[in-house]
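Peer 1: Chains E, Y and S, in that order, give the protein sequences.
Heads up: the first sequence runs through residues 28 to 378, numbered per the numbering used here.
Heads up: the second sequence runs through residues 2 to 397, numbered per the numbering used here.
Heads up: the third sequence runs through residues 6 to 268, numbered per the numbering used here.
Everything labelled a hint here was simulated from the structure, so no lab data went into it.
It cannot be assumed that every hint is accurate.
[To be verified] Sample of chain Y residues facing chain E (criterion: CB under 8 Å; computed from the structure):
{"hint": "1", "residue": "L68"}
{"hint": "2", "residue": "C72"}
{"hint": "3", "residue": "D75"}
{"hint": "4", "residue": "N82"}
{"hint": "5", "residue": "Y86"}
{"hint": "6", "residue": "D107"}
{"hint": "7", "residue": "Q111"}
{"hint": "8", "residue": "N123"}
{"hint": "9", "residue": "K128"}
{"hint": "10", "residue": "S131"}
{"hint": "11", "residue": "Q194"}
{"hint": "12", "residue": "Q196"}
{"hint": "13", "residue": "A339"}
{"hint": "14", "residue": "N340"}
{"hint": "15", "residue": "Q342"}
If you're wondering where the values come from, they're calculated on a predicted model, not measured in any experiment.
Don't be surprised by glycine CBs; every beta carbon is placed ideally from N, CA and C.
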Amino acid sequence: MQNFISGIAGFFTRLKSIHPLLPWGIALVVLLPLPQFTVNNYQVYLINFICIMIILATGLNIVKGFAGQVTVGHVALYAIGAYTSAVLSTKFGMPFYVNLPVSILAAMIAGVLVGIPSFRLEGAYLALATLAFAQAVEVYIRVTNYLGAASGIGGIKAPEFFGYSLRKYDDYFYLVMPIMLAAVYASFAILRSATGRAFMAVREDPISAASMGINVRRYKLIAFVMSAFYAGLAGSLYAHMLPGYVHPNNFTVIEMVTVLLMVVLGGIGNIWGGVIGAIIVTIVADITREYYFYQLLLFGAVIVGTVLFMPKGIGGIIDRYFVNRRFIAAREETAEVKRGIVGGSPDESSG
Amino acid sequence: MKKTLTCLVVAGLLASGSSWAGEIRIGATMRMISENGQKYGQMMQDEFDAINARGGINGNTVELILLNDECKSDKGVANANKFAYQDNVHLIIGSTCSSVSLPIVDVTAQAEVPQIIPHSTNDQITKKDSAWVFRVPISARYYKGVVAKYLHDKVGDQVAYVYASDAAAMSETQGIIQQMRDVYGVEPVYEAQTQEKEIDFRSHLLKIKDLEPDAIYFGGLQEPIARFLVQSYEVGIPASVVRAASSAASNAPVPKLAGDAVQGVFFSAAYSDSDTRPIAQLFNSYVRNRYGIGGVDHDFSQAYDLIRIVEIALGNADLSLEDDDLAADRTAIRDAIANVQGYEGLASGPISFCADSTPQCRDGNRTPVLIQYIEGGEDFKVGILDRVTMPIEFGL
Amino acid sequence: MLEVKGLNKSFGGLHAIRDVDFSLPEGEIRGLIGPNGSGKSTFFNLLSGVYPVDSGTVEVNGKDLTNAEPHEVAGAGIARTFQLLRMFTEMTVLENVMIGYHNHVQYGPLAGVFGFGRVGREEKIIRREMMEVLAFIGLEDFADIPASELSIGQRRLLALGRAMAMKPRLLLLDEPAAGLSPVNVDHIMAIIVRMKEKFGLTVVIVEHILKVVMETCDRVSVLDHGVKIAEGLPQEVRDDEAVVEAYLGREMDDEEVKRAIHA
Chain E
28 MQNFISGIAG FFTRLKSIHP LLPWGIALVV LLPLPQFTVN NYQVYLINFI
78 CIMIILATGL NIVKGFAGQV TVGHVALYAI GAYTSAVLST KFGMPFYVNL
128 PVSILAAMIA GVLVGIPSFR LEGAYLALAT LAFAQAVEVY IRVTNYLGAA
178 SGIGGIKAPE FFGYSLRKYD DYFYLVMPIM LAAVYASFAI LRSATGRAFM
228 AVREDPISAA SMGINVRRYK LIAFVMSAFY AGLAGSLYAH MLPGYVHPNN
278 FTVIEMVTVL LMVVLGGIGN IWGGVIGAII VTIVADITRE YYFYQLLLFG
328 AVIVGTVLFM PKGIGGIIDR YFVNRRFIAA REETAEVKRG IVGGSPDESS
378 G
Chain Y
2 MKKTLTCLVV AGLLASGSSW AGEIRIGATM RMISENGQKY GQMMQDEFDA
52 INARGGINGN TVELILLNDE CKSDKGVANA NKFAYQDNVH LIIGSTCSSV
102 SLPIVDVTAQ AEVPQIIPHS TNDQITKKDS AWVFRVPISA RYYKGVVAKY
152 LHDKVGDQVA YVYASDAAAM SETQGIIQQM RDVYGVEPVY EAQTQEKEID
202 FRSHLLKIKD LEPDAIYFGG LQEPIARFLV QSYEVGIPAS VVRAASSAAS
252 NAPVPKLAGD AVQGVFFSAA YSDSDTRPIA QLFNSYVRNR YGIGGVDHDF
302 SQAYDLIRIV EIALGNADLS LEDDDLAADR TAIRDAIANV QGYEGLASGP
352 ISFCADSTPQ CRDGNRTPVL IQYIEGGEDF KVGILDRVTM PIEFGL
Chain S
6 MLEVKGLNKS FGGLHAIRDV DFSLPEGEIR GLIGPNGSGK STFFNLLSGV
56 YPVDSGTVEV NGKDLTNAEP HEVAGAGIAR TFQLLRMFTE MTVLENVMIG
106 YHNHVQYGPL AGVFGFGRVG REEKIIRREM MEVLAFIGLE DFADIPASEL
156 SIGQRRLLAL GRAMAMKPRL LLLDEPAAGL SPVNVDHIMA IIVRMKEKFG
206 LTVVIVEHIL KVVMETCDRV SVLDHGVKIA EGLPQEVRDD EAVVEAYLGR
256 EMDDEEVKRA IHA
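Hey, can you work out the whole structure from these sequences and the hints?
Peer 2: See below:
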């Protein structure tokens, strides 16, 4: 298993050294014929839905996993993205390629609002503030007739390109899958640069990060706005997918917990983990569809169990193979030499 | 060990190979989070089991796949997609909530699977020009009309309205206000929407008390209705002011929670517990004994009528039930449901469908009853106030 | 280099820093000593912008940094370490050092998406440069392990490495040798001096271990109850009565005090 994983990793590193976009291009080519291999249309629907969930979870991972900001407002940003598209499509007859960027922009503006409390609040207090925001958005939609109130907004047009409508799930896949790949790539590209390191520093120790020259507020805000970008993107894609219907019931705390589960299970602060988490949770939710009595119980138990016994999630387990191997190697080679000069093991610390 | 494994594999194959000829597959997606919700689902399962025990329909057994959508459209849409494409069902039943039935109409229209709706009342469901959708319950457009007519004819035009933020209550209440305005030229004396999960309505009621209206109307789900009624007496609105409520008032928890405050309250429904017809009496005692339900409401009766209509239609449809003929079988079932005419069951009036994809053809039931509570509490009593068959075009 | 005038800071009723003037010429290593609770760490926190000041001014190279945000202070070329280390324990040793380099990164926060070629090239250069920093403090073989796996001595070194990566001109070290064995104290002090010479730094060291301060520092300032009570060459301060009193109390015999301090 260990050799297998590091074999894959080595392969990807080699591809990347040829051109940084090469692995992504290959992923695109490999995934494109996916609808041809599915047994039925429902599976294509599920795959499309998984793609949207991957985008949503990746966004949450940026702000929660990397920047360490405990937000519950993510689902509200998702709702804002979806409703902006819904309103633009049904009330103004705007096409998808207009709705998508406007929805993203709307979510990003809201992302600034969710982010501002993070300047002063931390942990559970920030969670409460963002929860209040999420509730406010949900209730506002529920009572606003213009937004369809409790009847929801239906009849959102499927995206149309050159007169060809992407109404069918098969067709929609060719829109949503490349966007998902691009979104995951972008998060990789950004989080593997100095920005990602700054996020992690803010998460680990804001005071230390600030004294090393990182503008903590700025990076918190960047994290919130980036995650809002992803939420708006996911929301718009969700709204435009058949049957083109949005309803406040789809944007409640339970949906938030589900996305949180994806990130926690996959591994907080691990992009692949979030992707894997989104896939697993969506599929498990589908398989357990008939055991609906126990579904939420199961989800809650998995969150608690993961946090207690597997705090770094599935992604953390995979990571550990690499880190441990490197670590052991580094120890074996140099520990002996170092011990003579610089105090040995951690337990020597006297305080 | 090897034997056990082989057995398991074979059993697994048998279990997974759900689609073979001679079996009519029906998928039902409903809100099954509340106690009553689960019982509707249970009744549906029991009824189809009973049909199978009687030898099925034309010798074919019915397999019901029952899923919960929690009144969430994304879950309902996923369920409908699963039914249509993965389980290859011949017919979809669902859903309970209008906000779930609405988007499913688009899914069934694209997948070309007949959909028959047990509970949702929202007008828009049948206005989507889908040839694949049928509605057993009474459309909201008829409900509003009958309440407005009664208020104007028998009570008075000074009406105060308060409604909760759920889809059904809003559309019902605003519909009545609209009817009063359009047909009788009357404006509401008071109109307010409550916040979601709000439980104290006294600020509204105190204002209403000063206005001295002829009637107060409350639109909402069962628990808010009960609270509203109790609080209306707490603030001192006299019993002479007529109290009316949305059709959710027919649900049994309302009289139990509200107690005496429920006396005289009327609402429109598709079915009354106090119906004296023998079929209704039989049904009431059946549901009471089997599911432990005191007051049998129209959600039960509509689910029952739906099953009977499905049974009739499936009996008349010419089905091959081979995998290759799925599309033809679905069309045949759709046409057979469209041919159901003048079905008389528990519903307060006959149910008829027709082939056009218009609301006139697809809103099958257009006879709401007005029901009044005579006594509240555990052993509540209701009486039929009025029964009106609305014109087929009404509210369009 | 550093000019502090009339600095004051109170926490509720506690006057933690009282009218402190502090002047530091370029290229000096200054020791800052004082008993527990004398206000040394508070003084550092005021300089580095962690706490806002009540009154007084802080100037670095003529630039007013009074009440500047911590990241602005860092941007002005001032690096500090923490007594409690404040490592990014979940990040690797190399990443810890790279955070120090943050302000010198040329590309923008979102450049990773479109300018991947440029970001890749620059990251490679940063990585090489940061490996040199690690080599300087002797942690190059631990580059890719999480900082949480390091020993206390290695963490103290890493704190220096992070500060060094910031390419500062003024270095504020808060008890850089706390919790180390005597051998390691000497080792880390040697590195500090080497760093100072190599990069032409100005350094302030807060330290409990007086011997370290006396040996390494050009001049020493002494704080007691938030007031600067002495300043001068190490031997002058060592013999100053007020200092002796502050550290050990009045009652003790003079000889004993001297022995304690010289130990």
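Peer 1: Next, verify each hint and record whether it holds.
Peer 2: Status of each hint after checking the structure:
1. Using the Cβ-Cβ criterion of 8 Å, the hint placing L68 of chain Y at the interface with chain E is satisfied: the shortest such distance is roughly 6 Å.
2. Interface hint at C72 of chain Y: satisfied, since its Cβ lies 6 Å from the closest Cβ of chain E, which is below the 8 Å cut-off.
3. The criterion of a C-beta within 8 Å of any C-beta in chain E is met by D75 of chain Y, whose closest approach is roughly 5 Å, and the hint holds.
4. Residue-level restraint check for N82 of chain Y holds (minimum Cβ-Cβ distance to chain E is 5 Å; threshold 8 Å).
5. Among the interface hints, the one on Y86 of chain Y holds; its C-beta lies about 4 Å from the nearest C-beta in chain E, closer than the 8 Å criterion.
6. The restraint placing D107 of chain Y at the interface with chain E holds, with a minimum CB-CB distance near 3 Å, inside the 8 Å limit.
7. Nearest Cβ of chain E to the Cβ of Q111 of chain Y: about 7 Å, under the 8 Å cut. The hint holds.
8. Look at N123 of chain Y: its Cβ gets to within about 7 Å of chain E, closer than 8 Å, so that hint holds up.
9. Checking K128 of chain Y against chain E: minimum C-beta separation of about 11 Å lies over 8 Å; hint violated.
10. A hinted interface residue such as S131 of chain Y counts as satisfied when its beta carbon comes closer than 8 Å to some beta carbon of chain E; here the least separation is about 11 Å, so the hint is violated.
11. For Q194 of chain Y, the interface hint holds, since its Cβ comes within 8 Å of a Cβ in chain E; the closest pair sits about 6 Å apart.
12. Given the 8 Å rule on beta carbons, the hint for Q196 of chain Y holds: about 7 Å separates it from the nearest Cβ of chain E.
13. Residue-level restraint check for A339 of chain Y is violated (minimum Cβ-Cβ distance to chain E is 22 Å; threshold 8 Å).
14. With a least beta-carbon distance of about 27 Å to chain E, the hint placing N340 of chain Y at the interface is violated under the 8 Å criterion.
15. Below 8 Å, beta-carbon pairs count as interface contacts, and Q342 of chain Y has none with chain E, the closest being about 30 Å; its hint is therefore violated.
Comparing the model with each earlier hint shows violations of hints 9, 10, 13, 14 and 15; every other hint is respected.
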